[in-house]
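Peer 1: Note that the protein sequences, when read in sequence, are chains G and B. Just so we're aligned, residue 0 is where the first sequence starts under numbering that gives the first Met the number 0, counting upward by one. Just so we're aligned, residue 0 is where the second sequence starts under numbering that gives the first Met the number 0, counting upward by one.
Treat each hint with caution, since some may be false.
Here are a few chain B residues that face chain G, going by a calculated C-beta distance under 10 Å [stated by the list, open to error]: (1) Thr71; (2) Ile73; (3) Tyr78; (4) Asn91; (5) His107; (6) Gly109; (7) Leu111; (8) Leu115; (9) Gly134; (10) Tyr135.
Here are the simulated DSS-like cross-link-like pairs (lysine-lysine), alpha carbons at most 27 Å apart as the crow flies [to be verified]: (11) B:Lys11 x B:Lys1; (12) B:Lys136 x G:Lys111; (13) B:Lys136 x G:Lys102; (14) B:Lys1 x B:Lys136.
The following residues of chain B were derived to be distant from chain G, with all beta-carbon distances above 12 Å [claimed, not checked]: (15) Leu5; (16) Phe14; (17) Phe30; (18) Gly54; (19) Ala69; (20) Ser79; (21) Asp94; (22) Asn96.
Think of the hints as simulated: they come from the structure by calculation, not from any bench. A virtual CB, placed ideally from N, CA and C, is assigned to each residue, including glycine.
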Amino acid sequence: MLDLAHIPVLVVLFPLLMAAVCALLPFRNIAWLLATASTGMGLLAAWTGLEAHSGERVSYALGGWPPPWGIEFVADGASLLVSTVVAGLSFISTIYAKSLIEKEIDEHLIGKAYAAWLLAVGGIQGIVMTGDAFNLFVFLEISSLATVTLISLGGRQDRRALIAAYNYLVIGAIGATFYVIGVGFCYAVTGTLNMADLMVRLPDATATAPLLVGFSFMVAGILVKAAVFPVHIWLPAAYGYAPSAVSTMLAAVATKASIYVLARIAFTIFDGLDDMVFLILEFVLLPLSVMAIFVGTILAIMESDLKKLLAQSSIAQIGYITLGFSLGNVLGVTAGFVHIVNHALIKGGLFMAAGALTVVMARRVSIDSLAGMGRAMPITSSAMMICGLSLIGLPLTAGFISKVYLVLALVSSASWWIIGLVVMSSALSLIYLWRIVEAMWMQPMPASGRVREDPLIYTPLWVIALINIWFGVDAGRVFRFAEQAAKAVGAGG
Amino acid sequence: MKNNPLFRVTTKVLFAPIILYGLYVQFHGDFGPGGGFQAGVIIAAAFILYGIVFGLSEVKSVAPPGVVQAFTAIGVLLYSGVGVVNVMLGGNFLDYNTLSYDAAHGQHYGILLVELGVGVTVTSVMMSLYYAFAGYKGEAGGAGN
Chain G
0 MLDLAHIPVL VVLFPLLMAA VCALLPFRNI AWLLATASTG MGLLAAWTGL
50 EAHSGERVSY ALGGWPPPWG IEFVADGASL LVSTVVAGLS FISTIYAKSL
100 IEKEIDEHLI GKAYAAWLLA VGGIQGIVMT GDAFNLFVFL EISSLATVTL
150 ISLGGRQDRR ALIAAYNYLV IGAIGATFYV IGVGFCYAVT GTLNMADLMV
200 RLPDATATAP LLVGFSFMVA GILVKAAVFP VHIWLPAAYG YAPSAVSTML
250 AAVATKASIY VLARIAFTIF DGLDDMVFLI LEFVLLPLSV MAIFVGTILA
300 IMESDLKKLL AQSSIAQIGY ITLGFSLGNV LGVTAGFVHI VNHALIKGGL
350 FMAAGALTVV MARRVSIDSL AGMGRAMPIT SSAMMICGLS LIGLPLTAGF
400 ISKVYLVLAL VSSASWWIIG LVVMSSALSL IYLWRIVEAM WMQPMPASGR
450 VREDPLIYTP LWVIALINIW FGVDAGRVFR FAEQAAKAVG AGG
Chain B
0 MKNNPLFRVT TKVLFAPIIL YGLYVQFHGD FGPGGGFQAG VIIAAAFILY
50 GIVFGLSEVK SVAPPGVVQA FTAIGVLLYS GVGVVNVMLG GNFLDYNTLS
100 YDAAHGQHYG ILLVELGVGV TVTSVMMSLY YAFAGYKGEA GGAGN
């Protein structure tokens, strides 16, 4: 069934279909097996598609209705790359999730939790693959409603998860509404919802005011979904109080899809209106990204709870990605895509380690309570350190490659003062990482002694840590795919 | 409300016609206005009316929550199952043309099955929502049933 032609729909279909089966068979082991199998099949499909991708844009007409009349799924360099990242990280986190979900979620809810998990993954894959601006909104809603459910499952550990879930529901809905208002303006002007068709028709529109309004609404809505400063406030609580497995999956893949949509809006849909797009990129997105980098880093330095610290640092990392995008040229967008891949690996790994620590310590993990855990859990902690070093961008790790390409892109657009800020923020992120290192490795082992570590938790973590090193040493592959992605979304064109 | 004969009798008289009307909207949806969403809401309204008048436990014995929840998934499976069958028959996902010897019949069967899936899911989701809200016992009890 893995026919190359059907790959665009298969990556979305596997998780969505299995979500319904999981809801029907709410037995925890079967549900986990189904979830692992379907995310694994999704990864296989996405990876096969990316490897076989020839650089051409492949359109898949749903229901056989040709675009722009029907809804189309698009497989090109960008959607396949992001889809592979989403599929890969969701596969690894599904394997990792088994023992954590059993510990953190009530027995009778486990089957349904996997159903929501797969719905979230399928929704995110749909956001990535669709070539229809309105269909994208539908998938945004699917993934965010499933995400809200998953976050609220953290309510058994900490009731604040319910508030976090509710906040995300309301703020996310406002973001999605803004997006769909923007789509409405574009539809009013052009009479089409297909992205490729919008790209052709928008420049012909005689009325430019509705286009500026539409573009602004779409970008503002997606900025909320992508948690770009200053509309990021839902993110730290949502990632901080969600069950550990859920935090891992969300931190690795959820915002990545929205950031990818940002690139699609700016460079694909509004490709013909460069003046307007660059105005918004340069005077809105660029300053916001720089502020996100600093605000996120400083909040992370002041945070004492481990999971919330990682979430705050995500805001800074999202800032690096959008900073790359805001340059608008091929190099900048390539740097953004490189960091989409690498940040998914870095944050996925760090949240996995945080989850492992949370389960062992059976309570919220603050930096102080980490004292000596490096000696008590050496396998988990050393993998966490690799991901941490990758986060601050040490050479030979994936994070370093991201920073190098970002700086190269900034050099090419002669933004010298921003380079200074990027380097400074990297140095600042060393502070919060050092607090973790200091607590974990430089304190005596806690009295409880060494902890028996669960191979089902640390194996996926080590896989991610090793990929971090692999992508740090052999950067050409990721760069090639990212450059292909940047060209596919139409950057600099 | 079950002590009031007016409500009781009206509900009993209306229950079957509401469902019948729901089915009409469901299956007439491919010729005129209507379809799975509207039909699902109408059919669920019949059960919700029954629940409001005779009580939550009565309607739960007619339509057990477990069965209702299963049907939310079955509807989705029916919908996507049609799409998968289309792929296996050599068409694109949800290309109904493949379902029959000619395109017109294929489209007809396809939309009928897909809308049935939508109807089943919408009915059971509406009822699940009603069960969840009506069975809510406050902070201590958590969500109902």
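Peer 1: Decide, hint by hint, whether the structure agrees.
Peer 2: Right, here's what the structure says about each hint:
Proximity of Thr71 (chain B) to chain G holds as hinted, the smallest CB-CB distance being about 7 Å (cut-off 10 Å). A distance limit of 10 Å between C-beta atoms decides the matter here; for Ile73 (chain B) the minimum to chain G is near 7 Å, and the interface restraint holds. Among the interface hints, the one on Tyr78 (chain B) holds; its C-beta lies about 9 Å from the nearest C-beta in chain G, closer than the 10 Å criterion. Evaluation of the Asn91 (chain B) hint against chain G yields a held restraint, the C-beta minimum of about 5 Å falling below 10 Å.
Taking 10 Å as the C-beta cut-off, the interface hint given for His107 (chain B) is violated, the closest approach to chain G being about 14 Å. Interface restraint check for Gly109 (chain B): the shortest CB-CB distance to chain G comes to about 8 Å, inside 10 Å, so the restraint holds. Annotation: interface hint on Leu111 (chain B) violated; nearest CB of chain G at approximately 15 Å, more than 10 Å. Violation of the interface hint for Leu115 (chain B) is found here, the shortest Cβ-Cβ separation to chain G being roughly 15 Å, above the 10 Å cut-off.
At a threshold of 10 Å, the smallest CB-CB gap from Gly134 (chain B) to chain G is about 15 Å, leaving the interface hint violated. Interface hint status for Tyr135 (chain B): violated, as the beta-carbon distance to the closest one in chain G is roughly 14 Å, over 10 Å. Between Lys11 (chain B) and Lys1 (chain B) the CA atoms are separated by roughly 11 Å; this keeps the pair inside 27 Å, and the hint holds. Proximity of Lys136 (chain B) to Lys111 (chain G) is assessed by CA-CA distance (about 21 Å); at most 27 Å being required, the pair is judged to hold.
For the hint linking Lys136 (chain B) to Lys102 (chain G), the alpha-carbon distance of about 26 Å falls within 27 Å, and the restraint holds. Restraint check: the Cα-Cα separation between Lys1 (chain B) and Lys136 (chain B) comes to about 21 Å, which is no more than 27 Å; the hinted pair holds. Every CB of chain G is more than 12 Å from the CB of Leu5 (chain B) (nearest about 39 Å), matching its label as outside the interface. No beta-carbon of chain G comes within 12 Å of the beta-carbon of Phe14 (chain B); the shortest separation is about 28 Å.
Distance to chain G confirms Phe30 (chain B) as a non-interface residue, since its nearest Cβ pair spans about 19 Å, more than 12 Å. No beta-carbon of chain G comes within 12 Å of the beta-carbon of Gly54 (chain B); the shortest separation is about 25 Å. With a least CB separation of 6 Å from chain G, Ala69 (chain B) falls inside the 12 Å interface cut-off, contrary to its annotation. Once the 12 Å rule is applied to beta carbons, Ser79 (chain B) is inconsistent with being away from chain G; the minimum gap is 5 Å.
Residue-level check failed: Asp94 (chain B) sits 4 Å from the nearest beta carbon of chain G, not beyond 12 Å. Consistency note on Asn96 (chain B): stated as away from chain G, yet its beta-carbon is not over 12 Å from all of that chain's, at 6 Å minimum.
Violated hints for the displayed structure, listed by number in ascending order: 5, 7, 8, 9, 10, 19, 20, 21, 22.
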